[in-house]
Amino acid sequence: MADFTGTVSCVRVSELAGFTRLDDGAGDTETFIMWFVPGGGTGIPPRLNAFTRILHSMWVSLLREAHSNNLTVTINHAADSSIVEAIALG
Amino acid sequence: MAARTSPAQHELAKQVAGSSLLSDFLLPFPNLLGQRRTELAVSFKRIASALAGSKRTGAIQFTIREGRQTRRWCLTLTPGDCHVEEAAIENPNLEVITDAAVWADIASGKVSPLEAFGSGKVRVRGDIELARVLAKRLKR
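As given, the protein sequences belong to chains A and B, one line each in that order. If you read the first sequence in this note's numbering, its first letter stands for residue 1, the second for the next number, and so on. If you read the second sequence in this note's numbering, its first letter stands for residue 1, the second for the next number, and so on.
Calculated directly from the structure, the hints in this document are not laboratory data. Misleading hints may appear alongside valid ones.
A few chain B residues that face chain A, going by a derived Cβ cut-off under 10 Å, partial list only [to be verified]:
1. Ala48
2. Leu114
3. Ser119
4. Gly120
5. Lys121
6. Gly126
Using N, Cα and C, we set each Cβ at its ideal position, and we do this for glycine too.
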């Protein structure tokens with residue numbers, strides 16, 4: 001497990017994909033994927049259940065709060081992956 | 001327009017149509033490896049050639065894991081030129097991190113950068129705008 005701590009410079013969400021970019025303030029930035037579901041245009045993607053969708057919504061809320069108030073978040077992800085596993089605010 | 005568009009890629013294209021950021025990475029790259037999928041260095045030389053005409057400056061590092069080994073290629077952009085070498089540099093403007101099999105799929109055009117990144121198989125650190133320049137220069 002790896003993590004990246006920084007401020008939120010970008011949050012982009014759509015039915016297809018949700019991703020965010022963090023900036024650690026020392027010149028390092030990284031883009032992370034919250035969800036990516038090709039084929040999701042036909043309704044709720046079968047791969048994502050209601051709980052997962054709620055979790056994604058919570059992540060977006062945390063990121064929006066952090067972006068609006070210039071707060072620091074920490075994203076946990078697998079060392080070799082850009083997929084978000086957890087988000088911590090503060 | 002891509003030479004071959006599968007139904008899945010067509011559907012994906014419709015979904016990313018409203019996002020210039022995502023659509024830049026939608027199309028698979030042209031085959032940068034030729035017949036030899038294992039000679040990854042060839043792909044970086046071809047990327048350097050494509051970037052040589054760009055007005056951008058900066059450094060792009062590709063960090064490729066191959067089993068227990070990690071190899072790095074650095075592309076240094078200067079106005080009108082791009083130099084590539086197998087070496088690591090400090091503080092590249094853009095770093096792309098993945099493993100050799102995934103890079104071979106991307107570089108051979110088997111999978112698009114968007115699909116690879118969206119599946120979590122590629123990490124992108126740094127200037128995403130430089131990544132967009134790279135993708136646009138490689139568009140077939």
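Hint check results:
{"no.": "1", "hint": "Ala48", "verdict": "violated, 23 Å"}
{"no.": "2", "hint": "Leu114", "verdict": "holds, 8 Å"}
{"no.": "3", "hint": "Ser119", "verdict": "holds, 7 Å"}
{"no.": "4", "hint": "Gly120", "verdict": "holds, 3 Å"}
{"no.": "5", "hint": "Lys121", "verdict": "holds, 7 Å"}
{"no.": "6", "hint": "Gly126", "verdict": "holds, 6 Å"}
When each numbered hint is compared with the structure, a violation occurs for hint 1 only.
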